[in-house]
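> What follows is the residue order along each chain.
2 protein chains.
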Amino acid sequence: MNEDRKIPVGVSARHIHLTQAHVRVLFGEGAELTEMKPLSQPGQFAANETVAVYGPKGSFPKVRILGPVRKATQLEVSRTDAFSLGLKPPVRESGHIEGTPGIRIVGSAGEVTIDEGVIVAARHIHLHTSDAERLGVADKQLLKVRVGGDRGLVFENVIARVSPSFSLDMHIDTDEGNASGAATGDFAELLPE
Amino acid sequence: MNEDRKIPVGVSARHIHLTQAHVRVLFGEGAELTEMKPLSQPGQFAANETVAVYGPKGSFPKVRILGPVRKATQLEVSRTDAFSLGLKPPVRESGHIEGTPGIRIVGSAGEVTIDEGVIVAARHIHLHTSDAERLGVADKQLLKVRVGGDRGLVFENVIARVSPSFSLDMHIDTDEGNASGAATGDFAELLPE
Chain A
1 MNEDRKIPVG VSARHIHLTQ AHVRVLFGEG AELTEMKPLS QPGQFAANET
51 VAVYGPKGSF PKVRILGPVR KATQLEVSRT DAFSLGLKPP VRESGHIEGT
101 PGIRIVGSAG EVTIDEGVIV AARHIHLHTS DAERLGVADK QLLKVRVGGD
151 RGLVFENVIA RVSPSFSLDM HIDTDEGNAS GAATGDFAEL LPE
Chain B
1 MNEDRKIPVG VSARHIHLTQ AHVRVLFGEG AELTEMKPLS QPGQFAANET
51 VAVYGPKGSF PKVRILGPVR KATQLEVSRT DAFSLGLKPP VRESGHIEGT
101 PGIRIVGSAG EVTIDEGVIV AARHIHLHTS DAERLGVADK QLLKVRVGGD
151 RGLVFENVIA RVSPSFSLDM HIDTDEGNAS GAATGDFAEL LPE
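Protein chains in written order, with the numbering used here: chain A, 1 to 193; chain B, 1 to 193.
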């Protein structure tokens, strides 16, 4: 592997982002998310709080909330999870939830049903601006990234997301992790164009 | 896509192969597997019969048996399934079960616990001898195969299995299908060396 083009891998299990309004419906008036542990991206955290989600076919009793709160509530699941729930969410970039399926969300103090917001997250790489310069990558560029090992493969259409507030990390979901054999903490290689 | 190098894709859900002896333990003296529908490989079939399997952590109540009977009983699961069962099976070629985890199998008339036989199937392509000649592929060769679409990727280490009794078909598991967006009936492209 080219050491200069190594990308840390993070495998994202199903999780949910909530608006402040939904946090209060789900956990009570005045409730705030509380941090359990920090994530790879600065300022992001896994919350102590979890919710249950109910699809037309199945449910998950304990879905981790990732904070801080966002402008829109969004549930990110793998395709495998989607089949269990009985939903057919599209593959989308985070925040692009127009026309996606909704779902019922239940917290310790209340529940809410969203009309849209369930997605299968598009694989992507967070790059700090300096990483992007070093690697010659532009924001929104579609990249190819190779994972080695006996289930080795090359992911195409990996979306570059560049920001001075990001830390270098490729995010794939559990289906992609299982299919490639890549686990959180492994490294993948950014291939040349 | 290069039309000459198109490979049909088949996504294999979890399934089990049984020995004749185990069929009789599980379904009763004199029992035989009965065909529900033929599979892509000549002579292979999905049986009407199913079994339940019980791992240390979870179980699946209805696992399809694929016939005809084999020399060794073998349960093929995805990595996702393996987590649910609480097992850590290796990625193996079919039939290579030495040192793999065992599992408890329950049929309508009895049960059996195998000491080994649970695998995550290594991705592979069945090629008729004439396909192999046409495509310049040797038995056991490791191939690269590209799946298009928004989750497009290139599978590496796809094992060629060549026989005059095979029909051209690439077999991947449900994790690999979900990660690549490929479904049974889709086509992938065999890449040049």
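Watch out, some of these pointers could steer you wrong.
[As the list claims (entries may be wrong)] Stretch-level coverage of chain A by chain B, calculated; a stretch enters the list once three of its residues show a Cβ under 8 Å from a Cβ in chain B:
{"#": "1", "region": "23–30"}
{"#": "2", "region": "74–85"}
{"#": "3", "region": "148–154"}
[Unchecked claim] Subject to a maximum C-alpha distance of 30 Å in a straight line, what follows is the list of computed DSBU-like cross-link-like pairs (lysine-lysine):
{"#": "4", "chain 1": "B", "residue 1": "K71", "chain 2": "B", "residue 2": "K88"}
{"#": "5", "chain 1": "B", "residue 1": "K57", "chain 2": "A", "residue 2": "K140"}
{"#": "6", "chain 1": "A", "residue 1": "K88", "chain 2": "B", "residue 2": "K37"}
{"#": "7", "chain 1": "A", "residue 1": "K37", "chain 2": "A", "residue 2": "K62"}
{"#": "8", "chain 1": "A", "residue 1": "K71", "chain 2": "A", "residue 2": "K88"}
{"#": "9", "chain 1": "A", "residue 1": "K57", "chain 2": "B", "residue 2": "K57"}
{"#": "10", "chain 1": "A", "residue 1": "K144", "chain 2": "B", "residue 2": "K37"}
{"#": "11", "chain 1": "B", "residue 1": "K62", "chain 2": "A", "residue 2": "K62"}
{"#": "12", "chain 1": "B", "residue 1": "K140", "chain 2": "A", "residue 2": "K144"}
{"#": "13", "chain 1": "A", "residue 1": "K62", "chain 2": "B", "residue 2": "K37"}
{"#": "14", "chain 1": "B", "residue 1": "K88", "chain 2": "A", "residue 2": "K88"}
{"#": "15", "chain 1": "A", "residue 1": "K37", "chain 2": "A", "residue 2": "K140"}
{"#": "16", "chain 1": "B", "residue 1": "K140", "chain 2": "B", "residue 2": "K6"}
{"#": "17", "chain 1": "B", "residue 1": "K57", "chain 2": "A", "residue 2": "K88"}
{"#": "18", "chain 1": "A", "residue 1": "K88", "chain 2": "B", "residue 2": "K71"}
{"#": "19", "chain 1": "B", "residue 1": "K88", "chain 2": "A", "residue 2": "K57"}
{"#": "20", "chain 1": "A", "residue 1": "K37", "chain 2": "B", "residue 2": "K57"}
{"#": "21", "chain 1": "B", "residue 1": "K62", "chain 2": "B", "residue 2": "K88"}
{"#": "22", "chain 1": "A", "residue 1": "K71", "chain 2": "A", "residue 2": "K37"}
{"#": "23", "chain 1": "B", "residue 1": "K37", "chain 2": "B", "residue 2": "K71"}
{"#": "24", "chain 1": "B", "residue 1": "K62", "chain 2": "A", "residue 2": "K88"}
{"#": "25", "chain 1": "A", "residue 1": "K37", "chain 2": "B", "residue 2": "K88"}
{"#": "26", "chain 1": "B", "residue 1": "K144", "chain 2": "B", "residue 2": "K6"}
{"#": "27", "chain 1": "B", "residue 1": "K71", "chain 2": "A", "residue 2": "K6"}
Simulated from the structure, these hints should not be mistaken for lab results.
Glycine included, every Cβ here is placed at the ideal spot set by N, Cα and C.
> Against each hint, give a clear statement of whether it holds in the structure.
Structure-based check of each hint:
no.: 1; hint: 23–30; in the structure: violated (count 0)
no.: 2; hint: 74–85; in the structure: holds (count 3)
no.: 3; hint: 148–154; in the structure: holds (count 5)
no.: 4; hint: B:K71 - B:K88; in the structure: 23 Å, holds
no.: 5; hint: B:K57 - A:K140; in the structure: 41 Å, violated
no.: 6; hint: A:K88 - B:K37; in the structure: 27 Å, holds
no.: 7; hint: A:K37 - A:K62; in the structure: 17 Å, holds
no.: 8; hint: A:K71 - A:K88; in the structure: 23 Å, holds
no.: 9; hint: A:K57 - B:K57; in the structure: 23 Å, holds
no.: 10; hint: A:K144 - B:K37; in the structure: 39 Å, violated
no.: 11; hint: B:K62 - A:K62; in the structure: 25 Å, holds
no.: 12; hint: B:K140 - A:K144; in the structure: 27 Å, holds
no.: 13; hint: A:K62 - B:K37; in the structure: 38 Å, violated
no.: 14; hint: B:K88 - A:K88; in the structure: 29 Å, holds
no.: 15; hint: A:K37 - A:K140; in the structure: 28 Å, holds
no.: 16; hint: B:K140 - B:K6; in the structure: 19 Å, holds
no.: 17; hint: B:K57 - A:K88; in the structure: 28 Å, holds
no.: 18; hint: A:K88 - B:K71; in the structure: 40 Å, violated
no.: 19; hint: B:K88 - A:K57; in the structure: 28 Å, holds
no.: 20; hint: A:K37 - B:K57; in the structure: 27 Å, holds
no.: 21; hint: B:K62 - B:K88; in the structure: 20 Å, holds
no.: 22; hint: A:K71 - A:K37; in the structure: 22 Å, holds
no.: 23; hint: B:K37 - B:K71; in the structure: 22 Å, holds
no.: 24; hint: B:K62 - A:K88; in the structure: 23 Å, holds
no.: 25; hint: A:K37 - B:K88; in the structure: 27 Å, holds
no.: 26; hint: B:K144 - B:K6; in the structure: 12 Å, holds
no.: 27; hint: B:K71 - A:K6; in the structure: 44 Å, violated
The structure does not agree with the numbered hints 1, 5, 10, 13, 18, 27 stated previously, though it agrees with the rest.
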